[in-house]
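Novice: Spelled out, the chains give:
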Amino acid sequence: MKIFDVLTRARTALALAGLMALSGCAVSVPREAEVRTQLPATARWAASVWGAAIPGQGTGDEPSDGSGVGSGVGSGAAPAEASVGASVGTSPPRVLTAEGAVRLAFGENPRARLLRAEFLKEMAAVDAAAAAGGVSWSWSRLRPEAGLAQLALALSVPLEDWLTLPARRRQAYWDRAAAAQRAGWETLQLEHEVRIAWATAVGMAQRSAELATAAEVAGLEAELSSRYHDAGSLSRADWHAHELQSGEALSAAAEASVAAAIARATLATLLGLPSTDPRLLLPEQLPALPQIPSADTERTAALAAQALRQRLDLRAARSGVTARLLEAARVHRWSKLPALQLGVESEREPDGERRRGPALEGEWSPVRVAEAGLATATVNAAQAQAELLAVQVVNEVTLRTQAYRRAVELANLQSERLVPLQEAKLSESLKRYNYMLEGPFAPLEERRHGAAMAARASEWQLAAWVAFQELQQALGDAP
Amino acid sequence: MNFTRRQLLQGGGLAVAALAGSTAPAVAASSSLPKSAPHPLENFPDPLAPAARKAGQAPVTTLNGRSLPARWRDGAREFHLVAEEIEHDFAPGQAGSTRIKAWGYNGTTPGPTLEAVEGERVRIYLTNRLPEHTSIHWHGLLLPAGMDGVSGLTQAPIPPDETWVYEFELRNHGTFLYHPHADELLQVATGLMGMFIVHPRGSEDRVDRDFAMLLHNWSVHPGTYRPDPSVMTDFNLWTFNSVVFPAIDSMLVKRGERVRIRIGNLSMHDHPMHLHGFRFYVTGGDGGRWPRHTWHPEVTALVAVGQTRDLEFVADVNGDWAFHCHKAHHTMNAMGHDIPNPLGVKQQDLAERIREVLPGYMAMGEHGMAEHQVHTDMGHMEGPENTMPMMMGEGPFGKLEMGGMFTVVKVRDELPKDGSDPGWYQHPRGTQVRRVSQDPAFRLK
Ligand SMILES: [Cu+2]
Chain A
185 MKIFDVLTRA RTALALAGLM ALSGCAVSVP REAEVRTQLP ATARWAASVW
235 GAAIPGQGTG DEPSDGSGVG SGVGSGAAPA EASVGASVGT SPPRVLTAEG
285 AVRLAFGENP RARLLRAEFL KEMAAVDAAA AAGGVSWSWS RLRPEAGLAQ
335 LALALSVPLE DWLTLPARRR QAYWDRAAAA QRAGWETLQL EHEVRIAWAT
385 AVGMAQRSAE LATAAEVAGL EAELSSRYHD AGSLSRADWH AHELQSGEAL
435 SAAAEASVAA AIARATLATL LGLPSTDPRL LLPEQLPALP QIPSADTERT
485 AALAAQALRQ RLDLRAARSG VTARLLEAAR VHRWSKLPAL QLGVESEREP
535 DGERRRGPAL EGEWSPVRVA EAGLATATVN AAQAQAELLA VQVVNEVTLR
585 TQAYRRAVEL ANLQSERLVP LQEAKLSESL KRYNYMLEGP FAPLEERRHG
635 AAMAARASEW QLAAWVAFQE LQQALGDAP
Chain B
748 MNFTRRQLLQ GGGLAVAALA GSTAPAVAAS SSLPKSAPHP LENFPDPLAP
798 AARKAGQAPV TTLNGRSLPA RWRDGAREFH LVAEEIEHDF APGQAGSTRI
848 KAWGYNGTTP GPTLEAVEGE RVRIYLTNRL PEHTSIHWHG LLLPAGMDGV
898 SGLTQAPIPP DETWVYEFEL RNHGTFLYHP HADELLQVAT GLMGMFIVHP
948 RGSEDRVDRD FAMLLHNWSV HPGTYRPDPS VMTDFNLWTF NSVVFPAIDS
998 MLVKRGERVR IRIGNLSMHD HPMHLHGFRF YVTGGDGGRW PRHTWHPEVT
1048 ALVAVGQTRD LEFVADVNGD WAFHCHKAHH TMNAMGHDIP NPLGVKQQDL
1098 AERIREVLPG YMAMGEHGMA EHQVHTDMGH MEGPENTMPM MMGEGPFGKL
1148 EMGGMFTVVK VRDELPKDGS DPGWYQHPRG TQVRRVSQDP AFRLK
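Residue numbers (the numbering used here), protein chains in the order written: chain A, 185 to 663; chain B, 748 to 1192.
Treat the hints as calculated values from the structure; they're not laboratory data. Incorrect hints may have been included.
Stated by the list, open to error - Which stretches of chain B does chain A cover? Using the computed rule of at least three CB atoms under 8 Å from a CB of chain A, they are:
#1 1078–1089
#2 1100–1109
Stated by the list, open to error - Some residues of chain B that are not near chain A, with every Cβ distance over 10 Å (derived):
#3 973
#4 1094
#5 1137
Virtual Cβ for every residue (Gly too), placed ideally from N, Cα, C.
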């Protein structure tokens, strides 16, 4: 399992760090440039959209280890990246694609700003924890009842702060990685959410249009029946039956129209736009479905392995485990030693005599031992959480793969088989009407059924689109 | 045999087969339908219906059909019938005709007409090439019970692939029928039937033209290729000898000739058969010839289910005279039921709006149904697969708006010697209806 691999590597890093800390030799501190290369394209892109440079831009030394954790980003360039820079606010109104919706969401949605703020906050906290060791000083002037004052000056450095600096910076490297990976994951979630909302808005509008056609046909049917009634060829009861049908079709169309409006409003909200915004010009139908995933278990296993490699939430969890391991090692080491301050003190006695010399101060508390226990427990919890997440990822991929397959099969059944069959039925009905084998209402009824079937087909098309997004989400792919 | 030559010239595939002595069925255009095997056994030495000649009678003209050649062997007139699945065309030569897989005798439905003479002994071999057993009942003939052909009652059923022989003396003359009496509903509905004409000894009742037709009804649902035997009353094809107008042969007669039309009815409906232009006498039925004192002039004769009727008249006036069933829907092809009547329905404007959501929709019937044939003839309105429009036929003065049980008796001073159709009647000046006004407010002064 990958995770054991990571932990083994992390332990090696820990051992190295500890060794270096004790030997006092210079530690090469990993820089965030590494972290940046480990982020998927979407996260990098999101960060650039936010205008937030991921901290640590300078090229630093290579990390001594841990490069394996971040490798294997499988998603490639985010498709949004291409369309983003090119067309924000510059092109005339045109049909809003899923990519365009994602771009708008990252530009306008307050949630994107919240993601950014939280990411920066997390980074700041990491930076604070990895700050260089401090210096403390004291100055006192004691005036006795008579005579000259006594002056004392002391300058000292907390030894632990300085000695643990390389270890803390190493730990910060992993905390930053975790924060960036988490931010990338959240960004992807937002993107998926936008894509699903976009597909839902398009699909529901498509469905609504089909049911509006059905209602229109039913209306024509009712009007035709009134003409037959006027001519004396259709009873009032039969005419009213057609009117009733028309009313039912109208109410179905109205319901669909409300559902479409809700879907549109949901998308608009997610994009941070009013739903009347001209940029919300949606395509008339969903594009063709992506390739249906293979049903064989080997392929599913390969997809699960891919997800284990590239899911940013999982990688964040693993980076967190490494950071906590480093932290625990440091806390353990220092918990057994008193906190030492090394410095120089200078005193001038009232009699004018000056004395100066080095000073060592020590402090030890049982709290430090307790802190070490807490650090160990935190490591264990982080490890268990990462392992649990890995299991969830595998199961999620299996489930989502099956769900997508089923949804595509149903969508294809509807659009490739049932809709054409219904069209053939309509054509036959029209031919029968032509030869006076059926009345004029029969082809209209078939047309109405055809529209209702097309509405169902768009429902299934939408379901397949949502299932596809959920599979992408489970895989951790940038769409 | 002028009738066969006439059929040949009209392009009837059946006539070609009959003339060539081969009995391959008319080949349907749809090659997916099975082809029937030829019948070499039918090639008997004398193909010219000798029974009629022997009896001093005119040979029988089976419209769109033929008489079965026979041979004389061991003191009996021998026939050989083969029951089998065939292809059948309800309107040979007509575009868009309906074709089916039918069951027939010797390649056709109805099977060939059997002709013999009263007093003769007949020996009729029946080969069963059907997938199920069968039998033949000789409807109206007086014969020994064991020859009556009722499967299970007077004989065991004849299994597939077997040949059985019926043999009996012809004790009565007249117009008779033959049909299976085994799984009768299906086998007759699918086309197994034929006429058996026994000429009288002596010739006191001689006619110049002797036509024979078997009335039948079929249910061929739109888009299907087999008749539906489960239909009891709502048939959609009404046929003379399994053919619909305008593919039914005309009856060609020289002025002054005595004409007999023999009609058998194996359909599930009674048919009031109506002749224009002449009074006829019903001279007989499947019980034989009726005594003269019972004859009375008629222009319509009801031929009930399971009956035969002989109509006789002297064709003393030239013209093209309609002969048809008087049930109007029997002179139509497939029509729907429970269709709201479009007469008087104003919908031209609405039709345009309907076409926006339903391209191809046409408003029709506001002024009557006649426009239907105009549309279907011009191909404006496509119909379902393997379905003929309800009205067909083009005459010298326009569309006939007919189908089903309709044909024409053509009486002329002279007929083409080759037996071909003389064309439409040329009305002498002053003998035809004429227009006097185009003003709807026209009043006689
Ligand atoms: Cu009739």
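Novice: Could you run down the list of hints and mark each one as holding or not?
Specialist: The hints, checked one at a time:
1. Requiring three or more residues with a Cβ within less than 8 Å of a Cβ of chain A, the coverage given for the stretch 1078–1089 of chain B holds, as 8 such residues are present.
2. Only residues whose C-beta sits within less than 8 Å of a C-beta in chain A count toward coverage, and the stretch 1100–1109 of chain B has 7 of them, enough to reach three; the restraint holds.
3. Listed as outside the interface, residue 973/B is consistent with that label: its C-beta sits roughly 18 Å from the nearest C-beta of chain A, beyond the 10 Å cut-off.
4. Taking the minimum C-beta to C-beta distance to chain A, about 5 Å, the non-interface status of residue 1094/B is violated against the 10 Å cut.
5. Interface exclusion of residue 1137/B from chain A breaks down, the closest Cβ pair being 6 Å apart, not more than 10 Å.
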